[in-house]
Structures are given as C-alpha cells and as structure tokens.
Amino acid sequence: MKKIIYICIVALLAFSACTDDFVELNKNPFEIDDESLKQDFNNVGAFYPPMLKNLFGHQIEHNLSHDSWVRHLGTPTPFVGGINNTTYVIRWNTYWNRIYDQIMSPATNVIKIAESENYPVFVEWAKLIKILGMHRLTAYHGPVIFTKFGEEPATYDSEPVLYNAFFTQLDEIQSVFAANQDYVGLAKFDASYGGKMDQWSKLVNSLRLRLAIRLSKVDPALAKTQGEKAMSDPAGLIETNGDNFLVSLYGDVFPPVTISFGWGDTRMSASMESILIGYEDPRIAKFFDPATDASLYPDHADYPYKGIRNGAELNAKGDRLEFSNISSDFKNVTNRRFLTAAEVHFLKAEAALRGWVGAGDAQVHYEAGVNTSFEDWGAGGAATYLANDSNLPIDYDDPKATGAVNDFVNRITSTVAWDAAGTNEEKLEKIITQKWIDGYTNSIEAWVDHRRTDYPKLPFNYKNDSNADWGIIPADDFLRRQVFLTSQRENNASSVAEATGFLGGPDEIGTKLWWDTGGANFN
Amino acid sequence: MLKKLLVFLVLIGGSHSLLAQDKTVSGVVTEAANGAPIPGVNIVVQGTTNGTQTDFDGNYTINVSEGSILVFSYLGMKTKNVTVGSSNSINVSLEEDASQLEEVVVTALGIKRKEKTLTYAQQTVGGDELTKSRDVNFMNALSGKAAGVEIRKSSSGPGGSTKIQIRGSKSLSGDSSPLFVIDGIPMVNNRGSQPGLWDGVDQGDGLSQLNPDDIESMSILKGANAAILYGSQGANGVVIITTKSGKSGITTVQVNSGITFESVIETPDLQFRYGAEGGAKESWSYTRGEYQDEYVDKYFNTGEQYFNSVSVSGGNEKTQAYFSYANTKASGITPGNKYGKNNITFKQSTKLFNDKVKVTSNIILAQEKTDGRNRSGYYNNPLTGLYWFPRNLNFYEYKDNYSLFDTTRNVDVMNWDSAIGGPDHLQSNPYWILNKESQEDKTNRIIASMNIEYDITETLKFQLRGNYDYSVKSFETKRAGGGNTTTVAANGNWIYKKYDDTSSYFDAILSYNKTFGDISITALGGGTYQKTDFGNGVRVNPGAAQKQLIYANEFNFNNLTPIIQVSSILDETSEVEKQSLFANTTIGYKDMLYLDIAGRNDWASTLALTGNDSYFYPSIGLTAILSEMFTFPEIISFAKLRGSYASVGNEVPYNKIFPRHTINADGSVKFNTIKPFIDAKPEIITTSELGMDFRFFGNRLGLDFTYYNINSQDQFIEINENFFEYTSFFINAGEITNKGIELTLNGKPIVNEDFSWSTALNYSQNKNTIVSLDDRKVDGIDQGGAEGIQVRLFEGGSISDVYGKKFLRDDQGRIMLEDATDRPMDTGDVRVFLGNAEPDFVLGWNNSFNYKAFALSLQVNGKFGGIVVSQTEALLDGYGVSERSAAARDRGYEIINGVRNGTAVTQVDPRDYYDKIGGRNGIDESHTYDRTSVRLAQMALSYNFNVSSIDFLKNASISLIGNNLFFFYKDAPFDPELSLGTGRNNPGIDNYNLPSTRTLGMNVSLTF
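Quick note, the sequences are listed as chains A and B, same order. Numbers 1 to 523, taken from my numbering, label the letters of the first sequence in order. Numbers 1 to 1008, taken from my numbering, label the letters of the second sequence in order.
Simulated from the structure, these hints should not be mistaken for lab results. These numbers were taken from a predicted model, which means no experiment stands behind them. Worth double-checking, as some hints may not be accurate.
What the hints assert, rightly or not - Listed next, the in silico DSBU-like pairs over lysine-lysine satisfying Cα-Cα at most 35 angstroms (straight line): (1) B:K399 with A:K331; (2) B:K498 with A:K27; (3) B:K244 with B:K298; (4) A:K112 with B:K247; (5) B:K670 with A:K148; (6) B:K954 with A:K188; (7) B:K356 with B:K514; (8) B:K442 with A:K27; (9) B:K358 with B:K318; (10) B:K681 with A:K27; (11) A:K463 with B:K806; (12) B:K531 with A:K38; (13) A:K229 with A:K457.
Isolated chain A, as found in the complex (with noise of 0.2 angstroms):
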C-alpha cells in the first residue's frame, strides 16, 4: 500500500521537475537572434537596409503632407471631409514614430553590436542613417530628440544644438569613412553604392553642403564655415549622377505608384502644370503622365497635362481622375531619389552668390544644376530650355470647378536663363525654382527651401481651414512647420514645453521654424 503512494509520489515529481526546456520553448523559433546572424556575418549588415529604407514615409507621412505643402503633387480626395493637413488642418502627424522606431531606435542597437565586433566603419554608417532620417524630421517639427536621445527624460534639442551635433558627428564619420577608403565590408549590404566608400564620404560632404546651405541665413557664420568645410573635403561631392545618393525601395513598389495608380489619390499639382508647362519643361513628359481627358487643358493643347491645386475646394474624389498621374515610369523604379548631383551643383550655385570660398561661379553651377537635372531625369532639350529668357509659369484654371474656384494667377516672373546682370535675390529665385523642379519627389529639401527664401513663389492655399486647434495660417502665408506629437504633448509634456520654448512662438503650424527667418535673402 504504502509503496504504491511512494511511486505515484514519484511519479509526479517526475514529470513535474524538468523545466530544462523552457527557455527554447520560450522563444519564437521563427525569429532570428544575433548568434545565428553572425553565420556569413550577416550580424551586423542585415539590419541596415530597412533603416535606410524607412528613411522616406508613404502616403499620410509625405503625401498628404510636404509634397502638398510644397505643391508638388495634388490630392483628387477630400479627405475627412475635405478637411485634412493639405488643408491645413493636422490629421496624420506620423513620420516621427517611422524616423524613432524604423531609425533611431534599431540603429543605436546596431552600433553598439558592430563596436563590440569592432566594425569602426559599420558604426559611422549607422550615425550617418541617424542623421540622414534625423535632419529630415528637424525639417518638420524643428526641435526633436537627437543627443539626448536614450536619456530618462528625453528632452529635445534646440535646432542649433541639433545642427552643431550633426555636423560634429559628420566630422567624425567623414574621417573614420576617409580612414577607410578600401573597405568592403558595406558591399553586401549597401544597395546605394555597392560598398563604395568614396561615394559615401561625398554623401557626407553634400549633406553637410545641404545643412549648411539651411542656416545660411539664420547663422551665416557656422553655414559658411560648414559649406567650405564640406566644399573643400578632399573626398569631393556628388556632382554627376554616377554618384547620386539613391534608396533602394527593396523590392517594395514606389510610394506614390501605389498612391497614384492604386489608389487614385494623388495628381500631378497645379504648380507643377504652371511652372513646368509655362518654361515648356521637356521633363514633364517625365515626371507625369498626360491627362486622360482632353478637354481639361484648353488653354495648353500641345502639353496634355493637368494638375490639381493644392489646398483645393474639392467635392467629389472622382472629379479629378482623369488629370495627370505621375509617370508611369515610376511604376518599374527600383530606387529613389535622396541627394543628387543636380542638387549639389544648387547648393553651390547659392554658395557662390554667398561668396563662400570654393564654391566656383554660381551661372556655371546654376547650368550645370539645370543639365545634369535634366540628365538625371532622361530628358532632353537642356541648352534650349537655359536660354529661354522670355517663358514664364501659366496661370492656373480648374476645370472641373465653377468660377474662379481653385483658379490662381502666376506669381513668378523669373525667367529660366541666366542673367549675369541681375541682383542676387533674383538669382536665388532662378536657382532654387530649379532645385523645385528637381526635388520632384524627394521634396522634403524642397519644402525648405520655400520656407527658408519664400522661392518658388507658389500659389497660396485656395482651402484653408487652419484654426485655433493647431494654429492659424493667414491667407497669404504657408504652412511653417509639423506641430509636436499629440503622445509627446501628453506623455512627455515637460519636454514639449522645454522645446515650445527654443521654437519662440507656440507649437503651431504657423510657428517658423530657426532658419526660416523670413525676409531678403541677402544682406
């Protein structure tokens, strides 16, 4: 009797007492950990392409907002009632949760592994990606949590002690990458440049032109120091398009096919119609498909293209399908834009005009932005299109709206060629409507731009339902900047506060952010 209770003790003791298993058991066998990533030494590399991949946002993050705001591209849809960002009203407000969690977040990670596996050039990489997604989110907000990120609380930075770190952190990353110009550990993993390490330092020179070129006028002395720096770097800069900087879309189809073609929510815009139609702009052809209704454009028969106003009185979605959708190019890119030489050759044409040493001679670059723009696009037709000194944006007529509804009259009176003769102020109007044209999507620099020296002079919003709740943009004015993340506002509200205070005006849209300093762009 009493041995038959001793085996069931046992028994149960038995099988109660092996937990050996627990910790396989506990893991997702269909994750990957860092032990078996390092076969092939995969352990490092695998997790850079989807941060550089989340560099860029899809419809509500750029969409709906910058390439609205900087009237790029047009939205046929009244969203949420025709009430949405693109009308000033803030609906979507994300890209800042793709830049901290696809970004921010992974790539502290990923340098911490590739400093204990001493992979000095892995580790710049990685803090180039920071700042890579980083100065385009300062671009929204202003202010966001850079040097103090992973700090308890965390605190935002003012924008000049944001600008100060990156280039600081350029410095370093420009001297380990120049350190190690044979390396080819990148190859496997970089579908940008193949493990190139020149092209990446000339990536990190023409940013650091780019940021410089932001605080050219709001901190004219650090902006001159940093674009001479950046000029002057023996690794160069990115000036033919064999070395562009492009993001691989890693299979995925471009952002705005799917919002175009799928979804049938976004047009070519109607500044694009003016600007691109009125300086008969072969990229055009390029850049959009023509509109599938010819009785849309009366007033151009030889450009069959139409575009939608941005900020528009909008009924029904289906009213504006048949204008232009973008080109149906895009529908088999593999890459897209993120700092090209066109741009560069801007960059320096502006140097120039700022007398900073090393720039050259700011007509060459102006050119030569113009023709490697159109090299870039596969357009043809760049000589003849330089010297057109009489061609000037159209005005803009909405079809499909009664009156003068949508409608705008042009107010640019800049020319495209060169004219030696003219002041600075008119030469920046001529270079940075061509950076416009070429930020084609990649417009986040555009937007700056706008902001920063009020060029290209784009029409206002016809609809804006700006209000208290996010601030109050004036008829004749444009939306500043992104307001703070409602979660921040709420869960990190200290440090909204602190960074309400270095913007100098309230968290609002109406808010100008540190370089956009407002008045003549030369002293």
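For chain A, the structure is supplied; the task is to place chain B on it using the hints.
Just chain B now, with coordinates in the frame of chain A:
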C-alpha cells in the same frame, strides 16, 4: 423525414389512452419527523395525468385502479411511491429531503464535492438550458443564467466568437477570459484574430466546435478561490463542462431536431428622401425627392438554421458507452453567409480488476466551415456602401450590374465609383463584395482524452488523465482585382492563414477520503503537465501590397510576387509549457464546519530565465452551515456562511523575455527593439470572497449572496517610448481591483398539481478600479480603440474607459458654435472621458412555467449602465443618410441649445451641424448611447407528449423556441450587446456591425 412524421402521428394519436379507474383511495399525508399533516402534497398516478392534492389537513382522495402506483411529492420532501393494493386507505409519511443540499457538484479538476461544503461561489447550469433555445452559438444562452458572468457576442453570425468574462477584467494583458474545462481537463478556447476598424473578420473561438447536446451540465467557478487547482489559467474563473455518459442498464436513444429562422430586428434609421448633388457621395441635397427606400431591407436574408442530433447511450455494470452525432447547417442574414458543423462524440468507460479500476475514454471530433462570415469595420464591408448609397440614384442599376467589363485590361471591375463620384476607400458595391470577395474558414478538430481511476483502498484513490486537443484551422479570403482601388490590389488580394492549435495535458491525482468520528478529511495531491502550441502555421497577408499576385485573380502560393513573404506564424499565446504540483485538504466537522486549504506551485516556460519561473500560491476557505449549528425558526430551512481567500499567479505572455529579430520580406533583418524582460514576475491576483446561502420555506425560496474583492498586482504592462535603444519595454506594475456582489434568488412561488412556476433571478455588479499604474504611466495607457475613440487607462479610472470628443459647452451647458458657421465646437484633440463600456449591474431573470404537459420558459436579460459608441451612426450623419439629418432638413434647421459669441442660438443649418458632429472626425458624444437594455432573451414553449402507451418511446416533446425576441427597453439605435470584436481593445464600439437579429423556430426531441 417521412419516418419522423409517422412517429409523430403515432404519438399524437396514441397519447390519451383511457385507464379504468375502478376504486377510490383516501388517506392522510404527514411529516415523518413530527407527524404533522402536510397540505398541498401532489399525488399523481404514475404514468398518467390523473392526480390530486392534499387539503389543509393533509387529507386526499383519488380514484385509481388496483396495482397502479401513487406518487406523493412535495417540495423539500423525498418523493414516495406507493403501489395501490386492496386497501382503500393509504396513509403516507414523507421524509425531509436534504438531497438538494447534498447535491453533488463538479469542481476544479473534475472533483465532485457536496455543494454545501464549498467555501466559494459556484453556479451550475443544466445542459438543457444551453440547448433549449437552439442558439447556434450556444454559449450565448448562458447569458443571464449565472450571476457575474458577462457575455458579449460578436456580430459575425453563426460560428462567431463569444466574449465571456467573469467578475470583470483582472489583467491589462490578455482578455480575462475564463478557462474552459471538459470533464476536468482544460480545453483549448483559442480565439482567432478579431476584426478591427480597417480589416479582418471574427475568426471564431474553440467553444463553437462543441456539440451542445453532449453537455450534461456546466459549472461556473467564479473566483480564483474555486479555481486555484487550475492555477493561473483559472484566475479568471472556470467554466466546467460535464459531458453526458452512458448509464448502466438503460439504453437510450435521443433524437433532437430543430429549425430556427433568423431575421433582422432593426437596421439603422435611414432616410431615403434627400439625394446627393454634383455627383458627391454624400446625400446632402436640401431638395426633397421620392427615392427607392427598400433596398436596405431587401439586402438581408432570413437566416435558416437546421440542427439535428442523435445520441445513443447505454451499458451494463462494467461498461457504459455514449455516442452522438450532430449536424448544424445554417445560413445567415448576409447573402452567402453559410455555416456547417458536424460533431461526433464517442465516450466509453469500463471497470476492470474487480471494479477497482475504471478506464474512461472520450473522443470528440468536430468539423466546422463558415463561408462569407460577416465583417465589421470600414474596409471591404458591404454595409457601408449599402447604407451610404446616394439616395437620388437607382440602386438596382448597381445591384444588377455590380461588375463592368474593362476592355483595357480584359477583366471585370466593380461598378460603383460612378455612383459616388470616384473611389472611396471606405465603401464598395455591396454585391461586388458578396460575389467577388469570398471568405472561407475551416476548422477540423479532435479532442481525445483518457482517464484512469484506481480505487486503491476504500479511502485512497489514484487518478491519471491525459488529453490531446488538436485542431487545424484555415482562413482564406479571396478578393478579386478590380474592386475597391484602395483596399484591393489591381490583380486581387489573397489573405491566407492556416495553422494548428495543439494542446497536451496530463495530470495525476492521489486523493484520500476518510471520516473519523465527527471529523471528515478529504485530501488530494497531484501534478499537472500542460503544453500548448497555438497558431503554428503559415500566413500570407499582403497588407497594403499592390503587387501581391502576378496574374489576376489566381489565389495560391505559386502566384505570389517575390516581395510577398509567406510567413511562418505562431500565436502570441503559443508554445507554453506549464508544470505544477498542488495539494488540497478539506476538513469537515460534524457536517457543519468545513475548512478548505489548497496550494499550488507552477513552473511556467514563459518566465524562463527570469528566475521567477517557479511560483507558489495558496488559498484558504471556511464554510459554516449555521442551520446545522443552531436552531432557526421554521421558515429557514438551510443557512450557510462561507468565506475564502486565494492568491493566484499569472504568468507573462509567450516570448516576452527574450524576443529576437525578424526577417523581412526583402531579406534584411528588422532589429528587435523590444527590451528583454529578464526580471519579469508573474502577475498576482488575490481574491477574497464572502458569501451566504439561505433557503426558506422548505427550500422553496433560496438566496445566495456573494461579495468579492479581487486585487490584481504586478500587471504586465508594455510601455511604448521610442527614445531609447528599445522602442518598447515591459514592466510589472500597477494594481487593479474588482469589487462586486452576486446575488441569486431562486423560488418556486407556485407548486400545484397542474401548474407550477419556478423563477430565478441573477443579479451582479462589478466595480473595476485601476488603483495604480506605473509611475511613468500616470499619463495613461492606450489600450486600443477605434480612430478618435480611445480606450485609455488612467489611475483612478477603470478598464474599458472610453474617451472621445465632446461638445464644447459654456457654463450654462449650451453648445458653443464656431464664429462664422453653424458648426459646433468640440473639446479638441486631447480626448475626454465619455464613459465606461461595462454595465453598472446585470440582471438575468429566468422563469419556468409548467402546466400539465406544457412548459414555458422565459429568460429576461437586462444590462444597466455603461456606454456604447457608434461610428456607424456618426458616418450615417456625415453622409447625410441618417433619418435625423433628413428630419432636420424637413424642418429647415436642426434644433440646438447653442451659443455663438454669447448669443443664444436655437437653430442651425443641418449640413453644417451633421457634417461637424458626424463622419470619422466628428463629436463622439453625439453618437454615444447608454448601454442599458432589457430584452426577452429566450423563450421556449414545449409540450411533452404522453408516451406511456408507446413501448419504444420514453419521451417526446416539441417546442417553439425563440432567441433575442424583443427589447423591453433600449437606448442605442442598435443592439448594444453586439460587439465589433470580442477582444479587449474595442469594448462597446459599433462600426458597421451586422444588425441584431431574432430567431424563432421549433425543436423536436424524442427519447427511445
């Protein structure tokens, strides 16, 4: 069928055979204990309807024939049968029947205990209560039948999931679902994914696969005290299902056949007199017209449900067996929605070795298939387009020609966008969806279990059990290309998921039972081993992929573009192994005092590496049967007090300790940015409960009252903060309490010869409080929600607190209007408290009336308090199709108690007003309703045929049945108990849910 009909005719024809009544018998009925006469005793001649009652002095007289049997019955007394002999006088004394109190109930691990010894609250519901009304989702029938059990059903129709919660939400993670147990062994009730606002469909749960006719009874253990032997799984209460078994010596064949019809109770209140202007999708014209108004009602079908089951049971002293087969076939109210289920159950038990060993095995097979399950939410839901269709257009043009031929692509495309002025991602042609977007869910399941009981000695018993529960589930959605341009890719989309749910369970229990004089001891000890592996399979989910399929409308793996990942998947609750040792002792003194002590130690794999993977928790309870200890006035027939305390550990979810990286479709690796939770601890849920059970008037009135206080600590909380190397991390923090009372009142107000009425009232209330969260989360935790409607947790708040936008009002409560328009102002982007989705209290009132061979049961369910928010109504306003928006246009203005710049405003422009309060960004307050509803939840009227003259038939009955028949009271313009999903994230949110339905039908039951 014909055969059945014949049987019926025979039944009806033969049920009233007359018996000779050749003699008069009289006598007096007295109480055995004191010889007092008993008035009102029922006396029936067995097998007939011939009967009488004793008078005030206990005297009776009846005409009978010699040899027949008189049945004396009286509530609270043991029934006595007396065969009529030659004497004309039969005096009878009845003994008090304690059996109702000696009632044996099934408790944790299948252990049978006398109800009176329990130290905690439990309630038993008979299997017939679940099958009475033939609800195709039989669990819904539990609603109102047990105090404190909260049931919410999904709106997805037959085979849909049910949310069951006992005593409130106890945890921030998981959904506080109780554990389901079949014959002592935990069963898998793994809920498939739930619909959200944008997509998805209810994927059912594990309960619907059971055959309700196999259920003998259901015991509900409400607290951790009762469930401690199940460990953490029982922390949310346990529903113990006892299945039917064969009985020795009796061979029974039972046939059940039912048919019910399901119809819509109400669709939203829509207008059909103002159309759209300028090709807009919104019907906001101010010009009245005469438009089609019947196509919404015509869209819905009458659902039909056929239920047939047969069971055979029988056996001898050594071996008993039970076999059943059931088939359910149903069509829902949505065209094309079909449901089919087959169940086979085989259970047998055999005694071996001089009856010392009993081996029981049970195999349950289930096959379930659902086509076109109803969706909720905005995307790919036929109801949005159906309700919003511009009123001035011809609906039938789009219904009859839902598809157009696109010659540029040589494919069919949806015909809808021309009606609504271009594509709208929120709506599609409803008939395109019905015909071109299919949904098929399948489940095949086997539950096999074995139980070996060994009576070692009179007092010592050993039991060994094992169970293997395996199901294969597949969910497949095929959406043809050419449909909604935003939600469906040009070549179509294929959403496919197939996975296995596997659970293995073993336990061994040694129990000891002995009485020493006044002291009785019941002790048991044992161990369990359980391993679950849920949702292990593959998935293809294109998300927003436009390039999913290479060739249009071919839905299989071969047709996937290279960027589409075929994912290996595992459920969030998957791959868990738990082991435990437990012991429990009940010491009784003189049948009046019982002390119950239990303890359990768990080892949980989800806590591996934390050092906390082994944890112990105890419980203690005490019961005093006062009526045994003291002498009470006669009206009190039984009195008991009980109290208990238990603490239960709850392990963390799977794979949270060391999550790793994930491989992307493009071959890169997404770095894991969820922080390893290496110091995780189990959540601790502590419950105290006090209860009493009083019975009066010879048990004709019973009152059971429980107060409980549940305290949950060390909640497993995920914090999302993306400014660290980790974007989210987990903490153990916070404290949640649930305090409440449960009250059950049973009574038999009328017990007559021909007529009796018994009634039961179940009342419960629960107050959930979030006492504290983590310090850093004083700002609240987002639990979910839908668009602007947020479910947020704050300290001092409750789980299921709903936040949204309200009207901005001045200090007189007037709605403030914008300066230049008639648009009301709202409280802004930071959402304000709208209310809590849980009811304040719940009432269930169950009545049975018996009149001769007729029986009528009525179940009234009431929920009082709580809120529901309707995005359906908000969008109907925004689209100008709600009746109120038309009534305002009829009138020329909307009436408002408003103010603009200090000036009172009483009339505003309808469009300005509804455009602002409605739509996806409206003012939620205006579409928030009281959840209170009182309904006739169930009705069954049955007739028992007299089959005494038919040898082969033991019982035959026919019943008329109905579910959800009508509302006595309801505030919301829809059924507030239907829910978008049955998960925890969007309580009380209606987003294009299917309308609520009633079912009516009949059921025939024959026992041979």
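Structure-based check of each hint:
{"no.": "1", "hint": "B:K399 with A:K331", "verdict": "34 angstroms, holds"}
{"no.": "2", "hint": "B:K498 with A:K27", "verdict": "21 angstroms, holds"}
{"no.": "3", "hint": "B:K244 with B:K298", "verdict": "43 angstroms, violated"}
{"no.": "4", "hint": "A:K112 with B:K247", "verdict": "69 angstroms, violated"}
{"no.": "5", "hint": "B:K670 with A:K148", "verdict": "24 angstroms, holds"}
{"no.": "6", "hint": "B:K954 with A:K188", "verdict": "80 angstroms, violated"}
{"no.": "7", "hint": "B:K356 with B:K514", "verdict": "18 angstroms, holds"}
{"no.": "8", "hint": "B:K442 with A:K27", "verdict": "28 angstroms, holds"}
{"no.": "9", "hint": "B:K358 with B:K318", "verdict": "9 angstroms, holds"}
{"no.": "10", "hint": "B:K681 with A:K27", "verdict": "18 angstroms, holds"}
{"no.": "11", "hint": "A:K463 with B:K806", "verdict": "26 angstroms, holds"}
{"no.": "12", "hint": "B:K531 with A:K38", "verdict": "32 angstroms, holds"}
{"no.": "13", "hint": "A:K229 with A:K457", "verdict": "31 angstroms, holds"}
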